[in-house]
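*Asks:* The chain contents come next:
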Amino acid sequence: MIRLTDRAWSPYLTGALIGLLQVPAFLLLGTALGASSSYVTVSASIAEFFDPAIRGLAYAGKYLDGAKNWWQVALVGGIALGAFLSASLSGTRRTGISPVWARALGTSNPAVRFALAFVGGFLLLLGARLADGCTSGHGISGMAQLAVSGFVAVGAMFAGGIATAMMLRAVR
Amino acid sequence: MSVLAAIAVGLLMGVAFGFLLEKSRVFEPGVIVGQMQLRNFLMLRIFLASVASGLIILGLGTLTGIIPKLDPKSVLYGAQLLGGFITGVGIALAGACPGTVLAQVGVGYRDARVTLLGGLAGALTFAYLEPAIRPVLLTGSPGKLTLHGLLDLPFWPLALGFAAVLIAALYAMERWRPWRAELGANADGVLPPAQPAKAAPAGAEPAAR
Chain G
3 MIRLTDRAWS PYLTGALIGL LQVPAFLLLG TALGASSSYV TVSASIAEFF
53 DPAIRGLAYA GKYLDGAKNW WQVALVGGIA LGAFLSASLS GTRRTGISPV
103 WARALGTSNP AVRFALAFVG GFLLLLGARL ADGCTSGHGI SGMAQLAVSG
153 FVAVGAMFAG GIATAMMLRA VR
Chain F
4 MSVLAAIAVG LLMGVAFGFL LEKSRVFEPG VIVGQMQLRN FLMLRIFLAS
54 VASGLIILGL GTLTGIIPKL DPKSVLYGAQ LLGGFITGVG IALAGACPGT
104 VLAQVGVGYR DARVTLLGGL AGALTFAYLE PAIRPVLLTG SPGKLTLHGL
154 LDLPFWPLAL GFAAVLIAAL YAMERWRPWR AELGANADGV LPPAQPAKAA
204 PAGAEPAAR
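Protein chains in written order, with the working numbering: chain G, 3 to 174; chain F, 4 to 212.
Derived by calculation from the structure, the hints in this document are not laboratory data.
Cβ coordinates follow ideal geometry from the N, Cα and C atoms, glycine included.
Do not take every clue at face value.
[To be verified] Using 20 Å as the maximum straight-line C-alpha spacing, the simulated EDC-like pairs for lysine to aspartate or glutamate come out as follows:
#1 LYS70(G) <-> ASP74(F)
#2 LYS64(G) <-> ASP155(F)
#3 LYS72(F) <-> ASP155(F)
#4 LYS64(G) <-> GLU133(F)
#5 LYS64(G) <-> ASP53(G)
[To be verified] Some chain G residues near chain F, calculated using beta-carbon distances under 10 Å:
#6 MET3
#7 SER110
#8 PHE116
#9 ASP134
Using the sequences and the hints, build the whole thing.
*Replies:* In C-alpha cells, the structure reads:
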C-alpha cells in the first residue's frame, strides 16, 4: 500500500512511472524526456537582454524559441514544484545542506560547499551541453531508445562521476 | 502545439516527474554521491527501472503504431565521451543532475540554488564557446545510430529483450540488498558506517543498515 504521505516509494515503482512519462512526451511533443537544454533556453533568454547578438549564434538561437524548448523549461520548473508538493506531504522538506557533505568534504563550512556546488553545477551543464544530453536525455531517454549516443554518454558520465566521487571522503 | 499549450503540458509532466523524483529519493545528494562511490545503489535501481519501463512502453508503442517514430540523438563520440565525463565530474561535485537539482531546490536544499546558478552559467558558457568547439568535436557525426539500426532489426523485440535483462538485474539487486536498506534514517541516503571488512552473507543484512 503506497500513500502520498510516505517518505519513500519503491525505486522500481517510481523508476517505472518515470519511464512512462515518455508516453505524453512522444505523443504530445514528438520527443523524449530531457532536462539540460532548458538551461540554454533560460540562460540565453536572460543573456539576450544584455547581448541581443546571442540570437545570431546558430547554437544559442536554436534554443531560444519554440514549443519544444519552452516545454522543457516548464518541465524542469515543474520538477521543483512536484518535489515541493511530495516533500510537504511526507514531512521531508529540507533546510540547509545535506549532511552527506560534511562526510564527503570533511568540513561543515558552508562556503566550501557553496563554492563546490557552483563549480559542480557549471561542469554539469557544460558537459551535458557538449554531450548533447544529461542523465535524462541520454540516460533515461537515450538508452530506452537503444541509441548508441545514450550508451556512450552514460558510460562516460558514470566514469567521470565515479572517478571524482572516489577522490572525496568515503560517505559511509 | 502552441508555446502556451506546450508550457502547460510541460508543467503538468514536470510536477509528476518532480513528485516521483522526490518519492524515489534519487534527488538526494547522499544517494547520488553514495552511488558514485559505489556505496549506495538506489540511483542505479531507479535509473534502470525507468529505462526498462521506457523500453517496454516505446517497444509496444512503436509496434502498435501509437508512437509513430522515435527521436534518438546523433552520435558524436568525442563530444559524448568528453562531455559525458565532464557531466559525471559535475554530478559528483554537485551531488545532482540537471533535472534533480530542481527537485533539491524544491525541497529546500540551500546549496542547490547555487548549483542551479552554476548550471545556467555553464550552459551559457557552452553556448558562447560552441562556434569554437564545433569544428573540433561537433562535426562528422555518423548519424543517429541505434542498436536495432546497427543490427538491422525492428526496435520492439530488442527493446523488450533488453528490458527483460534489466528487470532480471534489478531482481538480483533486490535479492542482494533490499532497497529500504539504502534509504538511511532520514530518507536522505546517508547511511551509518559500513561494517568493517567481512561482507555479510546475502539475505542476512544487519538491521542497522
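*Asks:* If you check each hint against the structure, which ones fail?
*Replies:* Violated: hints 2, 6 and 7.
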